[in-house]
Each structure stands twice: as structure tokens, then as C-alpha cells.
Amino acid sequence: MQWNKLGLAIAVLSTGPVWAQDSTRTDEIESARAKKEQKLSSPRDPGLERAIGGIQGSWAYRFLTSTDGLGLGFGEMIPGAGFSTGPRYSKTLLDGRLRLTGYLRSSTKRYYTGGIQGSLTHLWNGHAALDFSADHFDYPQMPYYGPGSESRKTGRSDYRLEKTETQIHPALRPVKGLTLGLLGGFQAINVGPGTASEYISSDHQYTPAQAPGIEQQTDYLTGGGFVQFDWRDRPGDPTEGGKYRAEYTKFSDLDAGRYSFYQLNLDASEYIPFFNGKRVIALHGRTSLSDTRNSQQIPFYMQPTLGGADDLRGYRPFRFYDDNSVLVQAEYRWEASGVVELALFADGGNVFHDWSQWNLRHLETDYGFGIRFKGDTGVHFRLDTGFSHEGFQIWFRVNNPF
Amino acid sequence: MVSRKQSVLTASLLLGAAYAAGAGDNKAGDKKASNKKDAGVSRPASAGRASSNAVVVSRGKFRSDDPLWVEPKPLAVRNVKTIEIGDLYDFVAQSFVTPRQLKHEKRTPAQNVNTVGEVPDSQWYANRHGLHTMTLDELRRGAGSANPPDPDRPWKVISAKSDGVMPGFHIEDSHGNRYLLKLDPADYPELSSAADVIGSKIYYALGYNTPENYVVYFRRDQLTVSEESLWRDRMGKEHMLSVKQIDEWLADQPRDSKGRYRAMASRWIDGKPIGPFNMDGTRSDDPNDVVPHENRRELRGMRVFAAWLNDTDAKSINTLDSLVTKNGVPFIEHFRIDWGASLGSDSLRPKDIRRGHDYIISPKTNALQAASFGFYLPKWMRTHYPKIRGTGTFDYESFDPVNWHSNYPVTPFMLMDEDDAFWAAKKVMAFSNDELRAFVETGGYTDTRAVDWVTTASSSGATRSARSGLRRAWRSTTSAWKMAHSRSTIWPRSTTCASRSPIAFNGPRSTTRAARRPRLTGMTGTCRTWARPADIWQRRSAPPAVRRLLRWVT
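These protein sequences, in sequence, are chains D and H. Residue numbering for the first sequence follows the numbering used here, starting at 11 and increasing by one per position. Residue numbering for the second sequence follows the numbering used here, starting at 12 and increasing by one per position.
Hint data in this document are derived by calculation from the structure and do not stem from the laboratory. Take the hints with a grain of salt, since some may be wrong.
[To be verified] Pairs of lysine-lysine, BS3-like flavour, derived with a Cα cap of 27 Å: (1) H:K92 / D:K45; (2) H:K269 / H:K398; (3) H:K248 / D:K101; (4) D:K45 / H:K117; (5) D:K384 / H:K337; (6) H:K398 / H:K84; (7) D:K186 / H:K269; (8) D:K101 / H:K255; (9) H:K167 / H:K84; (10) H:K283 / H:K172; (11) D:K253 / H:K255; (12) D:K49 / H:K248; (13) H:K390 / D:K186; (14) H:K193 / D:K186; (15) D:K45 / H:K248; (16) D:K49 / H:K84; (17) H:K283 / D:K45; (18) D:K260 / D:K173; (19) D:K45 / H:K337; (20) H:K283 / D:K49; (21) D:K101 / H:K172; (22) H:K390 / D:K384; (23) D:K384 / D:K101; (24) H:K398 / D:K186; (25) H:K248 / H:K193; (26) H:K167 / H:K283; (27) H:K255 / D:K186; (28) H:K92 / D:K49; (29) H:K269 / D:K384; (30) D:K384 / H:K375; (31) H:K248 / D:K384; (32) H:K283 / H:K337.
Extracted from the complex, chain D is given alone in its bound form:
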């Protein structure tokens, strides 16, 4: 404590003599306050705040970002459609339990889509929900490379696919994460010559034997069910947990009488976190298995496909068509910041005609890397680049691949 006192003594001495002052510290403060009182003014927002406020309050900003009322929507079209945008109108009714959305989209490649979607949630104390929709789309340049995994990249043709469909999906959620549901719907389909000038039309390139249904279209009544267990921590950007879904649907041909079939879709995702979820191994597997009876066929435009932004990312969109498909994907994801995530990925998949050909040995493979921009609710958009023996593809999408 002697040192303490000595320190204080030195400190006091070092300041020199302590002179009595005319004014006190209190006077000084009061003087400053009095001076300020003479020139008070109403606070003004800084220019930057006014600018940001002006932008946020503008009609254009609301139109671009609003999720309720009239706004502008982007994306949500199939891969290869080009940049798409269009008006969207959403309205919440019944105290927030019913949400209706109407939308129109048009893309740079003249793909069009529009429809109405509704979602009735929080039924039966949150244990039930009902989704329904009525959509129409017109895709004039759908690619078709021929059936099977042996199809060649140079065999590209295109066709027009028009579809009008209504769907209804009642679902029950008996316990958290588990969903049991029914699938019902109607599809009116029209297929015609494609409009891309650089590709031959599919009906000139492929025979009905190679591309069933190319000469005659039909309408479908669909019905089925699904069971899903979802225990992902954040569905929009999962780092832990998994999602497993099994879906069985019957497609009943209403017109031609020869294109009815059954389809079983199995889909599983698993997310393995390490280093406190900042590094994630994401695994995904999916298979679509179709079955026909009584010499029925599956039209080529209803077949499972591979190739695109969400499955085989090193291949062109809809590169492979056949009655069945299998896909396995793995990603290593690491966070660079709270809003940016990077990924290395590898995909493998194949299409095949018969269930007996199901295997994981002869897969078309690709690999690549991606960057994802995230928010609190999930991935806002991503840029993936995939490489395969057929070249590379760059994908800009507004969702996670799985």
C-alpha cells in the first residue's frame, strides 16, 4: 500500500500546484447546456437513413420484396428456362390460417407458367393441413435426348410441354416431424413440337417406340399417399437431422387407355454436422420406381429425369429420361461467414428401364463446387458449378439442392 500512496503522491505532485478556479466543473457543464439550449433544433434523420427509408418505403421496393399483397416474383421455373419473373399476389385470410397465392411467370426463353396455390394450416390445433393448387405451364423448349442412360448428348431434341393440373394434398401431423398425407389431382397434358431453332423437334428425331406418348397425349387422374419424417433442425438450411419421404402415386390414363402407371418415390436426406454445425456433410439419395401393368407404357414426358440444378449438376437439364431413376449426392458444406456457405459436391445417378437394373455401380457422375448466400430462414440463392465428362454447367438457383 505504500507504493499506492507514493504513486498517488507523485501523481498529485506532478500536476503542479492545485489552483483554485473561478468556475466549477458544474458551472462549465451548465454553461455548455445553456449554450446548447439557445440553438436547439428538431433532430433530422441522416441522409443515408432518409435514403434507405425512402427506398424501403417506395412502391417499387414493396413490389419487389413484399410477400403479402401484390409483388414481383422470381425464379421457381424448371432448370433451363432462363431468367424468369412475373407478378405475384398473396393474401392471408381466416386469421392467418389460409394463405392464397396467385402468380404468373415468364422467362427469357418464353416459358410461361401461372396458377393459384392455397395452404390451409393450423387445422385441428396444428395437427392437420390442406394444400391445394391449380397451375398451368407452357414450356416450349423441353429437351429430350432419347431414352436411357446410353442416350447421347448430341441427340438433343426439343418438344413443347403444356400441362394444366390441379392438386389437393390433405395431411395429418400426429407427432412432431411425422406427416401422413394423401395426394390427389388431375392433369391435362399436351405435347407438341419444340420452338428452339437450333434443335430438331423430338417428334422428328424419335419414334413412338423410343419416346412413348409422343404421338398421342392424354389426361391423368392421380391419387396416392405419402409418409414423411422430417427432423431437420432448420428446413431452409439444415445442419443436422434428416428428412425421409416415401410417396406412392397411381397415374390413371383418362383418354388413351394405355398410359396408366404407378410410381414409387423414395427420398432421403441426412445431415451430419461437425465442428458445432459449421461443417456439414450432407447426403441425399432418391429413387423413382415406376410400374406398369397390362402392357401399359409410361409416356416419355412423365418419366423420371436426371440432370439439372438439383440432381446431376454437371449435366444439362433433363439430360436422362427413363422409367426409373436413382440418384445419390454428397456435399461438404462449410461456412465462410454467417451469410455465406461454400460447398464441394459429387453427384451420381442413373436412369434405367427395369427395376432389376437398379444398382449403384454404373452411375453417371459429376462433381463441383458451389456458393450459397443465406439468411435466417434459409438459402436465398446459390451458384453451383458442376463438371462431368460432358462439360460443365453453372446453376443459379434460389434454393438448396437438398
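Mind docking chain H on chain D? Use the hints.
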């Protein structure tokens, strides 16, 4: 924890030196300040932009009322405007605009400090536990504990809001008291309510104005809805509030064994709320607001407290000005509110473990993370976070107070200097483990392991915060000590040196030690050669106890 004896001894030593050096004139700072116009609430360049009216409480020679412990009574405030600060604006301004401005401006020491480096009581701050020991009951009481919402009577829901995840209600109890009632995220019970209450108690003890926060339990039938009640969805659209709506919000909420829901009730602050205060500049309509906020020591030093409690969301939007009238004089009081994003909570979910270690936008770190393919693994990624109900991701192993970051830059935090850090470190050191436990117990954790863990983590965090604050102060104070010593004995009275302030170390200051060194060297080149701190102590033959203390501190 640091013992009181240690803290008092260290504080006395450092204070003496800081005081000695701080008694001079900072002419450079004054000149700079006088060239700046009153900032108002606008955000001009921040550092060194003292208002023309700015008062430097400790500047100049001694006055008869030094050291000043209480600022004079406030002048009456009239015609105040309610201020709104947008989230996006605050983020953009603080992340991109202010840091660039600070790079090019001269920094000034905190201005609202008295001659012993303390902050006088004012409408912003009141010296509490650091100066006068508060009892455990007083610490638990915080801003108040006598007015929780009446647990046995109905609560009328006046209005509500829902961001789609976690609804909040404004309620009025049978006594007419109004509260903001915030529920915990359904999947993480006790998480944000505990953090909010604990944070409010600690900040109150540290000297800030805070609301009365309570952990409350209520039954569903206690909530009544008036016919004119509205609720606002996340898009800001208003709807009539119905009983059914409340039932839906409460559907996923866990209940205790008595069927009650848990929430945090924050009593409405007295007076008329007029929006948050800016973290820099002054209010142009408040005559009492004469010290630019970025130069207020309690706001600069708050960085230490925020780091300690991982209060990553400390920003303008989580503050509130209130127009109160006392003794017939209306004036503005300044409050800190909302600690839902402190400790291991991030209000809606456990805190992302990155928070507190990085700004949201942190280009260098982000580039490193990206380029390393994820193999760059900072300690916080490798730390184990125990899964205890209500604690979220609060830990002490990875806590680094020096490199702690709020979600995005906050001007006073960026300007915190050694003296501010030292001031704050003393406040943190004033808490004993028992006192910290008392705070944590106010969070109402139902799992005793949570109390133990949060107490342990906050205790360890307090030690580290105090150490880092003292470490920073030590670097500064050794210089101050040397200057003081030299001036009284061997300070060369050359024109060059005499014209320079003995507290020139408080002048332009960089955040890195390497960057500071040339400036000191520059002074030594002009005036004299300074010895290294170790040399000083050798020369002065410091007693072993002090040496041990210094070794411990540094």
C-alpha cells in the same frame, strides 16, 4: 475471480497515474472539437467530433467541485421528437460508413469522466455496484422487483405482434401496470426469458438505466382480449386479435407441471418513450445532451460488459429514450433494453456460435474461411457447448474479450480506449462469484445445472474481461506513469515538449500495438527517450507483490 484486494490495489495504482496524466490540457482535442458543429442525431464523422458544447468533465486544472460525482440537474426539455432508427440503416451505417470515417479522424478520450476517471451520475448512468457495494438483495432487485404482473388476476392483452416465430404481447394487469410479455421460442424454453432478465439485472448493477424485467408464469385463462385489441404480423399488417389466435400462439409453448406458460414481462418504462438513442452524435433537441455519445465512457466501456455477457445485439435499436418529469422538470432519460440476444440466446434460437467472434460482415475472416476449405478452425468451432435447458450456446472456453465482436460495429465500442476498458474492467471485477450467482438465479432456470453453468461461464468471462481491460489499461498507464514521473523530475522544458500535452497518449490512437509504437517513438524522438515498462519497474524496484500482480495482470 479477482479478489477485491487485488482489484483495489491495482485500481489505485493505475488510477493515480491516470489521474496525474489526465490533469493536463488536451489542446489538440479541444481544437478539433471546436471545429465541429453539433452533430445532432445525424451521423457525421464520429471520432473526434465533439460537439461545440461538449464538456470534458476532467479536462483542465482542478476545480473546487472536482472530482464531480453527479452532473448538475437537467434543464427542462421541450418539443422533443420521437426518433426511429431503421435496422437496415443502422447496420449499413455502422458496418460500412462509420468505420471508414473513424480511420481518418483523430480520436479523443472519453469526455464525461471526472478527475478520477469515473463517470458522474447523470440521466445516462448512475454509479452503483462498482462504487457502492450493493447487497445481494439489491442486486437481485435490479431496477425493481415490486411490480411484477399480478399472478392471480387477469391480464388484458392490449396488442400483440408476431414475426411468425415468437409472438409478444402488450398486457395490462389488474393494477393498471403495462408490460411487454415475451414468450420463449417453443423449442428452447427458458432461453431468452432468462437471458433478458439476467442481462437487465447485471446492467442495472453496472450503472445503466434498465426496465424492470421479470420471469413470470401465467395460465391461459388469465389472458383476456379486449374487443379493440389488434395484432400485427411480420409484414406490419394489423388484424383483430382473437382468443383463437392467442390459443394458436400458445399451442406449441411448453407448460410447467401446473399448466402454466412461462414468459418474460418487461414493465413499461416510466415516461413517454421517444425512440432509441444514437450511438454517436447528440440529440439536437435535448439541451442536456452535450457530450457526443461516442465519447461517453459508459457507452464505450459497455463493450467490455457486452463482451462479458456475449450481448452481441448491443446497438442503438436496443436502447430507449424516455421523456420523464421529475420535480416538475421534463427531461430525457436514456435506457438500455432487451437482452434477449445475450448469454447463449439469440432471442429466437440459441446463439449462432460465430456471434461474438466475428462481425456479420468480416471480409478477412470470411476469405480465410473460404480459402481454407473449412480447415481453418478457430477455437469457438472446436468448443463443447453443453446442452442444458435454457443456456443455449454460452461458454467461456472460447471467450476472448479482446477480440470479441458485436453483430456489427458499434461506434463507441470501436472508440473504446485503454482508459475506458480499465474503467469497465474495474466494474466487472467488483462482482464476486456469489453475486454473479445471485444474478443468474433471477433468470429462473428450472435446471440447477443451468445456474451452475451460466455462473461459472460468466465468472470466468468476468475474469477474462477484467484482465483484458487491465491489460489494455496497463499499456496506457505505464506510459502515463512515466510521463507523470518525468514531468515532475526530468521533463525537459523545451519549447517543443512544453507545447505538447502530457496526456498526448490520449491523442491519435490506433487499435494495434504496432501502430501505436511509432507515435510514442515520435514523441521520444522529439523530447526524450522513454524506457520500456520493464526498465521502469527495475529502476523503481517495485515490491514483489506488485510485480506478481503485474505479471498476473499482463
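Next on the checklist: Let me make sure I understand: some of the numbered hints might not hold for this structure. Which ones are they, in numerical order?
Outcome noted: Those not satisfied are hints 5, 6, 9, 11, 12, 13, 15 and 29.
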